[in-house]
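Protein chains in written order, with full-length UniProt numbering: chain A, 1 to 442; chain B, 1 to 442; chain C, 1 to 442; chain D, 1 to 442.
A couple of the hints might just be wrong.
Identical copies carry no separate label here, and so any pair may be met within one copy or between two of them.
[Said to hold, decoys possible] Using 27 Å as the maximum straight-line C-alpha spacing, the simulated DSS-like pairs for lysine-lysine come out as follows:
| # | residue 1 | residue 2 |
| --- | --- | --- |
| 1 | K331 | K286 |
| 2 | K363 | K331 |
| 3 | K214 | K137 |
| 4 | K3 | K439 |
Hints were generated in silico from the structure; no laboratory data involved.
Protein chains: 4
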Amino acid sequence: MSKGIKIVTIGGGSSYTPELVEGFIKRYDELPVRELWLVDIEAGKEKLEIVGAMAKRMVKAAGVDCEVHLTLDRREALKDADFVTTQLRVGLLDARILDERIPLSHGLIGQETNGAGGIFKALRTVPVILDIVEDMKELCPNAWLINFTNPAGMVTEAVLRYGNWDKVVGLCNIPVNAVFEEAALLGENNRDLFFQFAGINHLHWHTITDKNGKDRTDELIKVMYGQDDAKSIVANIKDNNLIWEQVENLHMVPCPYHNYYYYTDKMLAEELEDFKNNGTRAEKVKEIEHELFELYKDPNLDYKPKQLAERGGARYSDAACEIINSIHNDKRTTMTVSTRNNGTITDLPAESAVEVTCTITGKGPVPYNFGSFKPQERGLLQVMKSMEELTIEAAVTGDYGTLLQAFTMNPLITSGDVAKEVMDELLEAHKQYLPAFFKEGK
Amino acid sequence: MSKGIKIVTIGGGSSYTPELVEGFIKRYDELPVRELWLVDIEAGKEKLEIVGAMAKRMVKAAGVDCEVHLTLDRREALKDADFVTTQLRVGLLDARILDERIPLSHGLIGQETNGAGGIFKALRTVPVILDIVEDMKELCPNAWLINFTNPAGMVTEAVLRYGNWDKVVGLCNIPVNAVFEEAALLGENNRDLFFQFAGINHLHWHTITDKNGKDRTDELIKVMYGQDDAKSIVANIKDNNLIWEQVENLHMVPCPYHNYYYYTDKMLAEELEDFKNNGTRAEKVKEIEHELFELYKDPNLDYKPKQLAERGGARYSDAACEIINSIHNDKRTTMTVSTRNNGTITDLPAESAVEVTCTITGKGPVPYNFGSFKPQERGLLQVMKSMEELTIEAAVTGDYGTLLQAFTMNPLITSGDVAKEVMDELLEAHKQYLPAFFKEGK
Amino acid sequence: MSKGIKIVTIGGGSSYTPELVEGFIKRYDELPVRELWLVDIEAGKEKLEIVGAMAKRMVKAAGVDCEVHLTLDRREALKDADFVTTQLRVGLLDARILDERIPLSHGLIGQETNGAGGIFKALRTVPVILDIVEDMKELCPNAWLINFTNPAGMVTEAVLRYGNWDKVVGLCNIPVNAVFEEAALLGENNRDLFFQFAGINHLHWHTITDKNGKDRTDELIKVMYGQDDAKSIVANIKDNNLIWEQVENLHMVPCPYHNYYYYTDKMLAEELEDFKNNGTRAEKVKEIEHELFELYKDPNLDYKPKQLAERGGARYSDAACEIINSIHNDKRTTMTVSTRNNGTITDLPAESAVEVTCTITGKGPVPYNFGSFKPQERGLLQVMKSMEELTIEAAVTGDYGTLLQAFTMNPLITSGDVAKEVMDELLEAHKQYLPAFFKEGK
Amino acid sequence: MSKGIKIVTIGGGSSYTPELVEGFIKRYDELPVRELWLVDIEAGKEKLEIVGAMAKRMVKAAGVDCEVHLTLDRREALKDADFVTTQLRVGLLDARILDERIPLSHGLIGQETNGAGGIFKALRTVPVILDIVEDMKELCPNAWLINFTNPAGMVTEAVLRYGNWDKVVGLCNIPVNAVFEEAALLGENNRDLFFQFAGINHLHWHTITDKNGKDRTDELIKVMYGQDDAKSIVANIKDNNLIWEQVENLHMVPCPYHNYYYYTDKMLAEELEDFKNNGTRAEKVKEIEHELFELYKDPNLDYKPKQLAERGGARYSDAACEIINSIHNDKRTTMTVSTRNNGTITDLPAESAVEVTCTITGKGPVPYNFGSFKPQERGLLQVMKSMEELTIEAAVTGDYGTLLQAFTMNPLITSGDVAKEVMDELLEAHKQYLPAFFKEGK
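Kindly produce the complete structure, drawing on both the sequences and the hints.
Okay, here's the thing in structure tokens:
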């Protein structure tokens with residue numbers, strides 16, 4: 001493709017953008033990105049200008065032929081795009097603070113993608129993404145949508161089910177981080193291990209076999225959870241052992257977010273402590289972001305600063321670049337992404353989004369078949385998928401009862417009066433981003 | 001069958017026995033029970049004698065030709081039986097009190113068939129039932145096992161999966177009570193309504209259509225939950241409204257035990273109040289039972305006293321008699337029982353036990369096909385079934401990790417340290433009934 | 001329902017109509033049919049008048065309060081109908097003669113509902129039935145469609161998939177005849193046996209258990225096929241033993257049309273003999289019908305003549321009356337009909353029509369769950385269902401390639417040149433009834 | 001693995017062996033085969049010696065450190081093997097001649113792996129392979145079985161279902177040949193195309209996408225079948241166009257053996273012509289093999305002669321070497337092989353063997369998920385799988401009725417008397433290789 005590639009990044013003012021730019025620069029020889037459009041909204045204009053200026057410096061320093069455009073006009077940007085990446089945050093970090101603090105104020109887990117907070121993040125995000133898809137149908141009908149806006153699994157499913165758009169990949173950095181860090185824990189090169197992940201975004205399990213065909217899963221579980229100094233591999237989840245007899249019984253490695261479901265009491269206690277000290281994750285991230293943007297303002301900074309890695313999204317944008325690269329060049333890289341189930345996991349509906357290990361081809365992700373889970377994993381996965389389906393439906397319809405059903409189904413929300421109260425409070429707090437729930441006449 | 005029928009009732013000293021006897025007497029013309037063997041264990045000898053004497057008086061008063069045998073020798077009783085009913089309670093009501101009070105002492109739901117208590121009731125019961133099945137293979141290989149020992153669904157699945165015994169029906173009085181009471185609420189004769197139940201024991205949903213083919217489900221939900229004075233139809237669950245918007249969204253009628261899952265906070269608050277006052281359900285039942293046995297001692301009492309209905313098992317034994325009658329006479333009565341799924345509910349494994357509406361034929365229950373649930377019901381049902389599978393496996397193997405997995409999966413148990421502590425305490429408390437967990441060398 | 005019932009019979013000039021009228025008369029007390037509209041097309045006017053006059057005589061003789069209307073105006077008739085029955089034959093018996101003779105002229109099975117002929121009967125019939133459904137949506141949206149036009153399974157599936165009309169039942173007399181005749185062969189009353197049928201129209205298998213729960217299937221197979229004088233139970237299939245070792249291996253009773261698939265060489269040889277003598281089934285039926293209409297002209301005949309039974313549709317119309325009765329009165333009669341699969345047979349798509357044993361309720365047929373077939377039956381059933389799906393799709397779209405695919409898939413059609421030639425010849429022969437295939441520009 | 005690899009080739013006297021040896025020599029650097037044991041039976045001793053001597057010359061000429069052992073003692077060879085390949089032919093080519101000529105003498109397709117002949121090849125082969133597996137359990141429990149004995153799919157399924165041996169891969173050269181030849185037809189490098197195959201051995205379909213993600217399947221179908229000079233890509237199937245409208249309707253590329261099912265009349269006519277001239281495929285192969293062995297006797301020949309390619313198994317042994325290489329080195333080569341379904345194709349049982357595109361890892365083949373077929377392909381695939389299940393069961397049990405059922409189900413066998421006669425004649429002809437069918441007392 002001699003003409004070069006056009007990328008549109010919606011939520012371009014994000015602090016993650018420098019990693020994305022770095023990723024494109026690194027791959028320029030095989031993936032010649034000639035146009036990078038950073039799109040944001042009015043409220044994000046200042047950030048867009050800071051990060052956009054830095055992106056231009058990075059490109060210039062790298063000496064690659066790539067125009068960086070900054071715009072608040074999404075439709076202008078989307079015209080003839082090859083790939084659209086979405087990394088937006090509806091309501092910014094202030095909305096996330098509410099998603100964390102309101103549930104915690106009632107004694108429930110408050111978290112970006114899990115529990116009541118995760119449901120509300122989906123409610124705010126799904127309509128915006130579906131709007132973007134409608135624009136894409138008109139302006140760039142051959143483009144791929146690479147979504148890394150959370151909750152990435154629900155967003156992907158919404159695009160598949162309600163957007164009727166197949167060219168979508170949902171992306172999360174948990175699997176790629178696990179591959180790197182767990183290989184190190186096993187004393188192996190990650191290329192010598194075969195990781196097979198299956199589940200849904202932020203709730204998947206995986207097995208590991210080595211090049212001799214030996215299953216190393218139990219060994220890794222022992223290394224990670226069988227001793228006192230086990231280390232979590234995700235920055236926004238505290239170091240947190242699971243209970244040995246339970247995790248040993250899985251014979252699959254859980255993902256870091258499983259801590260919310262496998263060790264609820266401890267996670268809640270820690271969150272409540274942070275809540276008391278005004279130090280929930282979003283509150284900390286806000287500080288980190290502030291510092292990052294201060295750094296980005298430096299007119300001499302023309303490379304990704306190491307502080308970005310602490311932000312919690314390590315390898316996120318790099319993984320996004322690699323997916324784009326692999327689709328564009330049919331590279332058949334093995335990656336774990338959210339895509340349509342279609343029988344890969346026989347325990348979930350065919351039309352669901354699942355997060356599974358795939359080979360990324362010119363026609364997009366082709367999943368490795370997984371089959372069925374043991375009861376150890378199956379029921380939790382299934383209840384979460386039902387909860388996701390209800391949440392997505394509520395996001396699209398604005399139906400109060402469907403939303404309350406999702407709350408009732410969610411294992412991190414105590415059902416009953418407390419569920420309804422938290423839900424009502426969150427609805428009120430996020431009112432401006434939830435027009436479907438506050439339509440005239442409702 | 002001119003020879004008459006031989007029934008063996010294991011746990012024959014139960015306070016429910018008089019209803020069973022009444023049921024057989026009532027049906028004597030079409031179901032000539034000539035031998036009724038009441039079997040119990042040494043610890044239940046006194047009760048067996050009291051209730052056995054009363055059974056003899058009832059039979060005599062009715063003037064039917066039926067011998068009532070009392071025995072502590074199960075194998076003697078089983079020889080050539082036609083039907084075996086199981087209504088035993090391993091550890092008696094004292095064990096149930098522990099199942100209730102230990103979880104409650106940690107702030108978790110404590111209940112006979114749900115949560116931690118329900119899991120432990122399964123652990124104690126499954127091995128005993130599997131022993132009975134082994135005896136049946138030898139002594140009465142053509143007999144049917146009609147189980148109404150709780151948790152009836154898990155017991156049925158254990159018999160199917162681990163006992164390799166197909167002639168088993170699990171029975172509960174919830175569906176039959178719903179049919180009678182909900183018909184009354186709709187102002188209809190129950191025979192003019194078609195109730196279709198699907199789910200698992202103590203966690204099923206149903207729809208109702210009338211003889212004009214009109215779906216009356218939403219109307220009933222409105223009657224039951226749409227106003228303040230809604231009345232529960234199960235004695236051991238307090239009157240307890242569900243939250244209207246959530247239950248309305250189901251478009252299926254939940255069962256009374258759904259309250260634990262749909263209104264957890266309120267149920268827990270009520271149970272904690274009872275706990276404080278030494279008035280948990282088992283404690284109350286113990287009193288009621290004591291009074292019942294005092295009544296049963298009356299040498300003039302030769303009919304089922306009305307106080308038995310208050311015990312909570314209304315229509316239980318009568319339903320058991322009707323199943324036996326319908327199998328024996330191929331009556332094709334429509335009843336809702338626990339039986340092998342085999343595709344009836346496509347959301348659950350084929351080999352699972354499910355509680356579904358069936359026609360009871362000479363070859364046992366033939367389920368009406370159900371199909372798939374909406375996400376509203378599906379995920380909760382599936383997580384509970386996985387939890388059941390893990391519990392049954394733990395009951396058979398005595399594996400600590402599998403049991404902890406069941407605890408972690410159970411929506412009524414907060415996962416983490418509290419789950420493990422409650423589990424350890426219950427294991428210790430019920431040690432004598434759990435030899436698989438306390439084998440030499442474990 | 002005091003107002004009385006309105007029935008519309010499309011194809012009312014059929015020779016079967018007197019049985020239908022007899023059926024309604026017999027059930028008048030519980031099923032008060034006050035209006036019976038016999039509808040036919042111009043080409044059937046004479047027959048409609050003959051049979052209509054006779055219907056009026058029958059009603060009068062019976063002394064029931066029922067108006068019989070004869071009309072060529074389908075829409076007038078459909079207005080406010082309660083039940084619509086379809087017993088039409090597009091192209092009349094002359095078309096059926098072509099369906100039989102054209103395949104036979106190429107050495108292939110030529111038959112009304114199987115092979116190339118059956119496919120073409122579907123092509124002619126499906127569009128007409130879908131037109132009727134469109135009228136029903138407008139004129140009698142609460143009515144049930146009781147279809148006994150062949151191929152009844154494909155017609156039912158077309159209504160479900162393409163007509164988006166749920167209130168449809170497909171009816172065939174094979175199962176009801178089997179119940180009566182096989183009970184007699186076993187020396188039992190049919191009410192003492194439980195027949196469970198599963199499969200698709202004209203290709204189902206069944207098991208039989210008696211009131212003691214004993215499986216009598218193998219015994220019946222022995223009676224029917226294990227000796228030389230086995231008798232077929234369907235008039236339009238000659239007495240025809242199956243090969244003992246093959247049928248014994250099924251452990252399910254095949255239906256009479258299985259002979260085409262299980263004994264293809266013999267069936268073909270017999271058909272070719274009839275073909276040579278101008279005595280294919282349709283040619284014979286044409287003669288029988290002529291004689292029947294001569295009888296019907298008799299102004300003194302006011303009851304169903306016994307000669308009708310020889311026509312081959314014994315118990316057809318009576319079964320139709322019984323379905324109507326059972327839906328209208330929520331009688332819960334056990335009958336085997338074509339209805340939506342929805343998981344009843346797990347080997348076939350959920351949205352397929354299947355022919356299975358149901359209880360007929362006020363909301364229509366509720367199937368007994370069946371589960372999975374053994375490989376003995378499974379593959380044949382599945383290939384036939386795929387063939388049906390392709391045929392129905394071709395009927396709706398008029399796509400030549402899809403139709404050729406159905407021909408290629410059909411086990412009774414040798415694939416290749418012969419398939420294409422027979423198909424082309426049939427297309428030409430039935431051109432006037434296949435507008436979808438001969439649209440301008442195709 | 002410094003110790004070097006031990007390969008055991010059962011049926012080592014096969015004319016294919018030189019290709020296998022060439023394949024190992026070519027890969028010696030990454031796959032150091034230090035021991036190659038060629039095993040054969042007494043009847044194959046002469047061939048074994050000829051081909052074995054040549055293998056030794058090849059190894060010597062290549063200068064690789066590999067000992068070639070020739071033996072008739074299978075158990076001696078198997079001890080501590082790393083990989084076992086099976087390329088045996090029970091009854092040699094003379095048995096295959098019977099498989100072809102007996103059905104043809106009754107007017108039915110006679111073919112090595114399809115129709116009656118393919119069923120009998122399975123009957124002779126399955127018991128021998130299961131014996132080998134029993135030896136492997138004892139002598140080399142960590143070895144992989146790479147089977148390329150036909151019918152490779154049924155053999156693989158027999159090993160999985162009845163041998164309880166998971167480390168098995170079934171191999172066929174059809175997919176690898178398709179990849180090379182179809183890429184050429186499209187004017188592309190095969191590495192730039194993504195072929196996804198799904199189905200069963202000798203009955204699969206595939207799609208092709210290019211590196212731009214464009215589906216090229218329809219284009220290839222047009223190239224292959226849309227013009228008069230279409231060329232078959234398999235040596236033992238004559239050039240044979242399919243009917244354009246039918247194959248176009250598939251939107252998947254059929255495999256060469258589909259000709260038997262899609263163009264039965266033409267294939268049969270051609271086979272009958274060969275039959276008349278004593279020139280069926282096996283008869284021709286016998287001649288070719290004779291010539292090959294004459295060549296192999298040449299003491300100067302120390303490389304694979306080009307005449308071997310004409311034998312019909314082009315790329316067969318090379319594919320086998322590549323699988324071994326990919327497993328041994330965890331190379332993750334994309335190959336299409338027979339392996340356990342486990343949900344890859346949702347239309348077939350989970351425990352079936354399917355032939356699907358996989359990545360070959362250190363733990364064996366991991367299939368790419370496929371999902372569901374359209375009705376165009378589904379029914380034919382399903383009927384063939386049922387037929388395979390019945391055949392395998394008959395091979396294991398020796399049950400006459402089960403075998404007759406497989407014959408009745410097979411689309412290439414006319415059911416009825418002719419099926420039974422052909423079957424009886426084949427049973428008699430192959431009696432010595434079918435002890436299960438001729439046990440004492442049967």
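Verification of the supplied hints:
no.: 1; hint: K331 to K286; result: neither (37 Å within a copy, 45 Å between copies)
no.: 2; hint: K363 to K331; result: both (11 Å within a copy, 23 Å between copies)
no.: 3; hint: K214 to K137; result: between (46 Å within a copy, 18 Å between copies)
no.: 4; hint: K3 to K439; result: neither (45 Å within a copy, 45 Å between copies)
The structure does not agree with the numbered hints 1 and 4 stated previously, though it agrees with the rest.
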